[in-house]
Structure formats: structure tokens, C-alpha cells
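Chain residues, written in single-letter form:
2 protein chains.
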Amino acid sequence: MGEEVKVFGAWGSPFSRRVELALRLKGVPYEYIEEDIVGNKSALLLQYNPVHKKIPVLLHNGKPIAESLVILEYIDETWKSNPIFPEDPYDKAMARFWTKFVDDKCIPALWKAAWSAENEREKAVEEAYECLKTLETALDGKRFFGGDVIGMVDIAANFVGFWLSIIQEATGVELLSADKFPDLFKWTEEFIGCNIVKENLPPRDKLLALFKARFAQVMEPQTNTSK
Amino acid sequence: MGEEVKVFGAWGSPFSRRVELALRLKGVPYEYIEEDIVGNKSALLLQYNPVHKKIPVLLHNGKPIAESLVILEYIDETWKSNPIFPEDPYDKAMARFWTKFVDDKCIPALWKAAWSAENEREKAVEEAYECLKTLETALDGKRFFGGDVIGMVDIAANFVGFWLSIIQEATGVELLSADKFPDLFKWTEEFIGCNIVKENLPPRDKLLALFKARFAQVMEPQTNTSK
Numbered sequence: 005m006g007e008e009v010k011v012f013g014a015w016g017s018p019f020s021r022r023v024e025l026a027l028r029l030k031g032v033p034y035e036y037i038e039e040d041i042v043g044n045k046s047a048l049l050l051q052y053n054p055v056h057k058k059i060p061v062l063l064h065n066g067k068p069i070a071e072s073l074v075i076l077e078y079i080d081e082t083w084k085s086n087p088i089f090p091e092d093p094y095d096k097a098m099a100r101f102w103t104k105f106v107d108d109k110c111i112p113a114l115w116k117a118a119w120s121a122e123n124e125r126e127k128a129v130e131e132a133y134e135c136l137k138t139l140e141t142a143l144d145g146k147r148f149f150g151g152d153v154i155g156m157v158d159i160a161a162n163f164v165g166f167w168l169s170i171i172q173e174a175t176g177v178e179l180l181s182a183d184k185f186p187d188l189f190k191w192t193e194e195f196i197g198c199n200i201v202k203e204n205l206p207p208r209d210k211l212l213a214l215f216k217a218r219f220a221q222v223m224e225p226q227t228n229t230s231k
Numbered sequence: 005m006g007e008e009v010k011v012f013g014a015w016g017s018p019f020s021r022r023v024e025l026a027l028r029l030k031g032v033p034y035e036y037i038e039e040d041i042v043g044n045k046s047a048l049l050l051q052y053n054p055v056h057k058k059i060p061v062l063l064h065n066g067k068p069i070a071e072s073l074v075i076l077e078y079i080d081e082t083w084k085s086n087p088i089f090p091e092d093p094y095d096k097a098m099a100r101f102w103t104k105f106v107d108d109k110c111i112p113a114l115w116k117a118a119w120s121a122e123n124e125r126e127k128a129v130e131e132a133y134e135c136l137k138t139l140e141t142a143l144d145g146k147r148f149f150g151g152d153v154i155g156m157v158d159i160a161a162n163f164v165g166f167w168l169s170i171i172q173e174a175t176g177v178e179l180l181s182a183d184k185f186p187d188l189f190k191w192t193e194e195f196i197g198c199n200i201v202k203e204n205l206p207p208r209d210k211l212l213a214l215f216k217a218r219f220a221q222v223m224e225p226q227t228n229t230s231k
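As you go down the protein sequences, you meet chains F and E in turn. Residue 84 in the numbering used here sits at position 80 of the first sequence, and the numbers go up by one each step. Residue 79 in the numbering used here sits at position 75 of the second sequence, and the numbers go up by one each step.
Here chain F stands alone, though its shape is the one from the complex:
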């Protein structure tokens, strides 16, 4: 096809992994460019996403698109095979609703609970539980949020499917367990059990080491304060 498809991402980011997963599901070959998002963002990234200066950016035939959910919509509209959205407008609206819920409510609540200081933890964990409980209702007995195959909500919920368990291990804060949320827990196993997902996940050990180092950093000031 001679198409130029590039993804500017970061290896440990669930957001650029979303974009890569969608392209892989569609069978679209792409070039991956790793960005140094902590230290030194590239001139290209700043040029392609001057508003947020963040990954991921999809470059398609010279045209840049930012924001992972916007990119996922674009991918589904541009490459028609293996649709990630349902065709029916109402089902599509529901997929968008849950995707938005994952981004606006779920991820922030989980993140906050996992890294919360001890005196704020109980409330933050309760809020995270509420989100997980709500998200579980969206599964509604299905194998994937998308039904029998991975769809938009599954892709968007990759943080819940993979990253969360590693953060839990690093911080010792348990949020999603088989006991509390059996259907959602089963979904995480189904999700990371798919070959196409598995091939597109960052190395668990490397990510765990990163979060453990972060945890040590976050906890340090708290320990100092209590001295």
C-alpha cells in the first residue's frame, strides 16, 4: 500500500499500547518510535502534538493525530477490517460511554487509590471499588466488553487488564481481586490471554521495577514527615 503509519509512544504507557493494539487487530503495519517522555521529548513529538506535548501520536501519511481515544476512532474509520466498534449506532454509543467512563472515572480513581497516602486510602479505595463494580456491570456476562471479540472498551480498559495488577503488586494496595470482582477479574485473564494482546504488552518485570521505584519515591516524603 505504501502507506506511512507511525506511532510515537512509550513502552510502559497503556495509552500508546492502545493504539498499537488497535493497529495490530486491524493488521496494519506500523513503525514504532519510542519517545523519552520523562527526560527529553523529541522535536517531532512537540511538532505533532503541540497542544498536549504527549504520546501517543499517530502519524498517517504525514498527518498527525493525538489523544488515544481520538486515534482509536480514526483507526476504526480508516481501516475497516476487524471493526473495533459495533456497527449499530446505539451499541456504538454504549461503547463510547464505557470508554469515556474508563478514562474519566475509572483510571483516575484506581491510580489515586493505588498511590494514596495511608490517611486517604480508605476513601480512595472505596471510590475505586465503586468504579470497578460499575465497570463490571458493563461486561454483563460477556467474555469481552466487545462480546466474543476484543473491541473498543477492551482496548481502552487495558490499564485495568494488565497495568493494575502490577501497580497492586508494587504498592501493596489490592483493588481488583477474583474475590471482589469475579467477572472483571476473569476478563483480565481473558484479555491478557489473547495472543495479540500478549504480544503487545510491556515486559511485566520491567514495569514492576519501574512502579516499585516510583513507590519508594512516593513513600519517602511520607516516611520523612512521620519521623
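Calculated directly from the structure, the hints in this document are not laboratory data. Warning: the hint list may mix true and false statements.
Note that the list lumps identical chains together, so a pair holds whenever it fits in one copy or between two copies.
[Claimed, not checked] Below, in silico cross-link-like pairs of lysine-lysine (BS3-like), each with a Cα-Cα straight-line distance of 25 Å or less: (1) K202 x K127; (2) K30 x K96; (3) K184 x K109; (4) K216 x K146; (5) K96 x K84.
Mind docking chain E on chain F? Use the hints.
The following block gives chain E in isolation, referenced to the frame of chain F:
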């Protein structure tokens, strides 16, 4: 057509007005149901939007959809006349990008700046200016964000087009002026000058009174503290 189209909204909310404006642009007749969002939410609203318990909700032939941006996408997919999104996937992605920018960055920054306590105002106003400056670049010399006609970004930016000037008057915090952002200011005039927009705006005086009362409430504790 015998279709059932209902909008659950609140008269002063830019979010339910977005939904109404889109339906009006499409020429879709609908029944409007005013919700008492401060006092007593109706059993129907809680049933139709159990996750967020908020307006707006669109009910189409018995099926509820929540979240104004999700509703707008649904409306554009369901009723094809007078498209609010551009047809080209890249242009559509750009419309989604700017819509998301309005909701995630612009409105929160403007709201924060307008209601900020005096000691936090300077920083908050600077951040609001940054957002307005960025939003202005999206206009890029066009009459509307959508080009010659009102599109998705115009509808989503209705807060900037109408509500903001009233909040500015109520709080005395000037954010969007013809001096600072001439193109964006001109857009607000174009936007509220459209008949179809004008017919769908809440009464200015009533909204001003509401925001003035709110301002008095917000300022009271600050005045008490400084005593």
C-alpha cells in the same frame, strides 16, 4: 416517523443545550423534560443514567444515552441530514480532538479561573488564557470551527460562546475579551448570532441572576475568613 425522542436536561446547562442544538440543527422534533438537578432528581433520570445520575440523557425509542459528547456522536450517526461532523476521517479526528480539548482542558480552566479565590486567581487566569489561545488556533481564520457552518466543535464550545460572558459579568473576572482574543471573540458573536443557536439559549438575565447568587455564596466564606 412516530419516533420517540426525549431530552432530559436542565434549562441553564450548556451540556443539555448541546444536545438540543444538535437535534434542532438536524430538524429532529423532541420532547424536552426539565430535571431538578439541584434538589430532586427524577426516578427516570436515575434509571436512565445510573452511572453518573446526571443530565443530559437522550431517550430514543425507549433507549437511553448519557454524556453529551456521546449523545452528539449518536445523533450525527442516527440522523444523517446536516452533518455536524466532517466526513473526512482526518477532519473528523481533528473535530474530536478539539471537542475533547474543550471538555477536558478549556471548560475546567475557565470555570476554575472565574470562581478562583483572589490568592489563586493570577495563576488560574493565566491557565485559562493559555486554553483560549490554543482554542483560537483551531479557528484558523474560519467563521466557525466547523467552517462555514456550525459543527461539532462549535456545539461543544457553547460554554465559551455564551455562558462564559455571563459568568464573567457575575464574577468580574475577565477572561475572553475582543482585545485579547479577537478571533475567538468574533466567533462568540457569530455563534450566538445564529438564529438556531439563539432560540436554544437560556434567558441571559435569569442565568446572570443565578451566577450572581452563586458568586455571593462562594465569596461569603472568603470574606468571613479575612475578618
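Of all the hints given earlier, name the ones this structure violates by number, lowest first. 1, 4
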